[in-house]
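Student: Each chain, letter by letter, is given below.
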Amino acid sequence: NAGVTQTPKFRVLKTGQSMTLLCAQDMNHEYMYWYRQDPGMGLRLIHYSVGEGTTAKGEVPDGYNVSRLKKQNFLLGLESAAPSQTSVYFCASTIHLAGSKDTQYFGPGTRLTVL
Amino acid sequence: KQEVTQIPAALSVPEGENLVLNCSFTDSAIYNLQWFRQDPGKGLTSLLLIQSSQREQTSGRLNASLDKSSGRSTLYIAASQPGDSATYLCAVSSRGGSNYKLTFGKGTLLTVNP
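Residue numbers (the working numbering), protein chains in the order written: chain A, -10 to 104; chain B, 41 to 154.
These aren't lab readings, by the way, just hints derived from the structure by calculation. The beta carbon of each residue, even a glycine, is placed where N, CA and C say it ideally should be. A couple of the hints might just be wrong.
Below are the BS3-like pairs computed for lysine-lysine, each with C-alpha atoms no more than 27 Å apart in a straight line [to be verified]: (1) K146(B) x K60(A); (2) K59(A) x K46(A); (3) K46(A) x K60(A); (4) K146(B) x K59(A).
Examples of chain A residues lying across from chain B (beta carbon under 10 Å, computed) [as the list claims (entries may be wrong)]: (5) V(-7); (6) Y22; (7) G47; (8) K60; (9) V77; (10) A81; (11) T83; (12) D91; (13) P97; (14) G98; (15) R100.
Construct all of the structure, not just a fragment, from the sequences and the given hints.
Tutor: Written as structure tokens, this is what we have:
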């Protein structure tokens, strides 16, 4: 199993440009998550999905959109990038069997810089 | 709103020392508590998961405890090694609508000196 993979690993954007980050998991997990990690802020949840075709807002959803057309993929879109979106983005997934035993599996991250 | 605090923010120890990392949380209605390790420029790796009904979990030189009523957890690392140098993150899982949400602390940066 490759686990959770993220594409791309690095990206530099200019303000106003758009891009899509791809997350893929091969573990047949139901739940998928997008986080951003900033110095001094810890990890914050952007959006999440509880199954194919579903999405929901997390703690910091503004400026981002997501889609989960296939169970194994979760896409994070930036329609008009801003310097405040410079961050490291992590995708995670979990099988969600019984809640208390679930652990989230994380991808390696995408480092995004917006100039 | 759940808040997770980790103390200390950074810790530097000589190789071989036993050490304790601390985590506290404000809402005791949790499903589990997890400790993660993050190496520089890398993703998070789950180290230990303690279910809300459990008191501790052990894996090798790592032992994590949970006192749900007081909102505290500790990660004990025995006989520390330079390879243990990393950021350690504590996260609690709680229910938020249809989601089992993880709330993270800001982490403890551990440096083990040879």
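Student: With reference to the structure, classify each hint as holding or not holding.
Tutor: Okay, the hints, checked on the actual structure:
1. Between K146(B) and K60(A) the CA atoms are separated by roughly 30 Å; this puts the pair beyond 27 Å, and the hint is violated.
2. Of the supplied pair hints, the one linking K59(A) and K46(A) holds, its CA atoms being roughly 18 Å apart against a limit of 27 Å.
3. Restraint check for K46(A) and K60(A): the C-alpha separation of about 18 Å stays at or below 27 Å, so the hint holds.
4. Of the pairs offered as hints, the one joining K146(B) and K59(A) is violated, with about 32 Å between alpha carbons and a cut-off of 27 Å exceeded.
5. The restraint placing V(-7)(A) at the interface with chain B holds, with a minimum CB-CB distance near 8 Å, inside the 10 Å limit.
6. Because the beta carbon of Y22(A) sits about 8 Å from the nearest beta carbon in chain B, less than 10 Å, this interface hint is met.
7. Taking 10 Å as the C-beta contact cut-off toward chain B, the hint placing G47(A) at the interface holds, the least distance being around 8 Å.
8. With 10 Å as the threshold, the beta carbon of K60(A) stays out of range of chain B, its nearest partner Cβ sitting at about 16 Å, so the hint is violated.
9. For V77(A), the shortest C-beta to C-beta distance to chain B is roughly 9 Å, which falls under 10 Å, so the interface hint holds.
10. With its C-beta approaching chain B no nearer than about 8 Å, A81(A) sits inside the 10 Å limit, and its interface hint holds.
11. Because the closest C-beta pair between T83(A) and chain B is about 7 Å apart, less than 10 Å, the hint holds.
12. Restraint check, D91(A) versus chain B: the minimum CB separation of about 6 Å is within 10 Å; hint holds.
13. Checking P97(A) against chain B: minimum C-beta separation of about 5 Å stays under 10 Å; hint holds.
14. The interface hint given for G98(A) holds, since its Cβ lies 5 Å from the closest Cβ of chain B, which is under the 10 Å cut-off.
15. Below 10 Å, beta-carbon pairs count as interface contacts, and R100(A) has one with chain B at about 8 Å; its hint therefore holds.
Violation of the numbered hints given earlier is confined to hints 1, 4, 8; the remaining hints are satisfied by the structure.
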